[in-house]
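Position one of the sequence shown corresponds to residue 9 (this note's numbering), numbered consecutively onward.
It is worth saying that the hints were derived from the structure and are not from the lab. Yeah, the Cβ is synthetic: ideal placement off N, Cα and C, and Gly gets one too. Check the hints yourself; a few may be wrong.
What the hints assert, rightly or not - Pair by pair, the computed Cβ-Cβ distance ranges are:
id, residue 1, residue 2, range
1, E29, F125, 22 to 30 Å
2, Y149, D181, 42 to 50 Å
3, F27, Y149, 16 to 24 Å
To be verified - Straight-line C-alpha distance at most 30 Å; calculated DSSO-like pairs for lysine-lysine:
id, residue 1, residue 2
4, K180, K55
5, K196, K158
6, K51, K158
7, K196, K180
8, K51, K14
9, K135, K123
10, K55, K158
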Amino acid sequence: MSVITKPNYIVRCIRPLDFEEVRDIWTATGFAIHKYANDVMIKADPKGIFVAEDTDTGKLLGYVAAVNLTDDFSFIGGYCVRPEYRGHGIGQSIWNTGMAHMGDRNVGEFAFTYKMFEIYRDFHNFKCIPDRHAVHFRGPYEPSKDIIDKIDGISLVPINETNLRAVIEYDKDMYGFDRGVYIKGLSKSPESVNLVAINEKNQVLGYCIVLALTFGVTG
Numbered sequence: 009m010s011v012i013t014k015p016n017y018i019v020r021c022i023r024p025l026d027f028e029e030v031r032d033i034w035t036a037t038g039f040a041i042h043k044y045a046n047d048v049m050i051k052a053d054p055k056g057i058f059v060a061e062d063t064d065t066g067k068l069l070g071y072v073a074a075v076n077l078t079d080d081f082s083f084i085g086g087y088c089v090r091p092e093y094r095g096h097g098i099g100q101s102i103w104n105t106g107m108a109h110m111g112d113r114n115v116g117e118f119a120f121t122y123k124m125f126e127i128y129r130d131f132h133n134f135k136c137i138p139d140r141h142a143v144h145f146r147g148p149y150e151p152s153k154d155i156i157d158k159i160d161g162i163s164l165v166p167i168n169e170t171n172l173r174a175v176i177e178y179d180k181d182m183y184g185f186d187r188g189v190y191i192k193g194l195s196k197s198p199e200s201v202n203l204v205a206i207n208e209k210n211q212v213l214g215y216c217i218v219l220a221l222t223f224g225v226t227g
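Could you put together the complete structure from these sequences and hints?
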């Protein structure tokens, strides 16, 4: 049921004590995001995650992560409003706050559903759609017994303090900028599985982080 009367609310920066309630918002909206995304993103940009809070009840109504990764690049790490509070401009208010925080940086985003893709493209005017696509898997974590887990000259080992810097440098070559804080946070997330492929010279050939979502898991 929708809330008919527009609530009194403020938009403010998230606090660690809000993380659990924000997970409730994600669940209520069907947003399949990394359960501990805020724990990671707040380290990358402590002032880049915003919530709308009902000033009468203290209830959190909406959320946006507008994370600045570099001086010229930001990304939208999440955006949602409780279904029953939609239609009152709350989403637009927190969106505007996030956009103001990112300033004139280039902004990237990942749409978890085609509906969100259309919202970003048609309503928020994100028209630059790359030809290159990211393949994103979601589903239950059920490793196959027949999976190839060994190749001559290549080893699979957990990401740890010994190889973390090499993983970050590999990721930097792929993305074009240093995501060190982000990669370190993801690799240390609870309920995660992470592996890096290295050759006999200890060179990184690839890596994977499997994360717990609000619904299922992702790789």
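Decide if the proposed pair is consistent with the structure: K135 and K123, CA atoms, cutoff 30 Å inclusive.
Satisfied, since the Cα-Cα distance of roughly 15 Å is no more than 30 Å.
CA of K196 to CA of K158, is that 30 Å or under?
24 Å, holds
Hint check: K55 vs K158, CA-CA at most 30 Å. Holds or violated?
43 Å, violated
Could you grab the alpha-carbon distance between K51 and K158 and see if it respects the 30 Å cut-off?
Violated, at about 35 Å.
Would you mind confirming whether the straight-line C-alpha gap from K196 to K180 stays at or under 30 Å?
19 Å, holds
Would you say the C-beta atoms of F27 and Y149 sit inside 16 to 24 Å of each other?
23 Å, holds
Is 22 to 30 Å respected by the C-beta to C-beta distance linking E29 and F125?
Since E29 and F125 have Cβ atoms about 27 Å apart, the given range 22 to 30 Å holds.
Could you say whether the range 42 to 50 Å given as a hint is met by the Cβ separation of Y149 and D181?
28 Å, violated
Sort out whether K55 lies within 30 Å of K180, counting only the CA atoms.
24 Å, holds
Satisfaction of hint between K14 and K51, Cα-Cα up to 30 Å:
33 Å, violated
Against the hints set out earlier in the document, violations occur for numbers 2, 6, 8 and 10.
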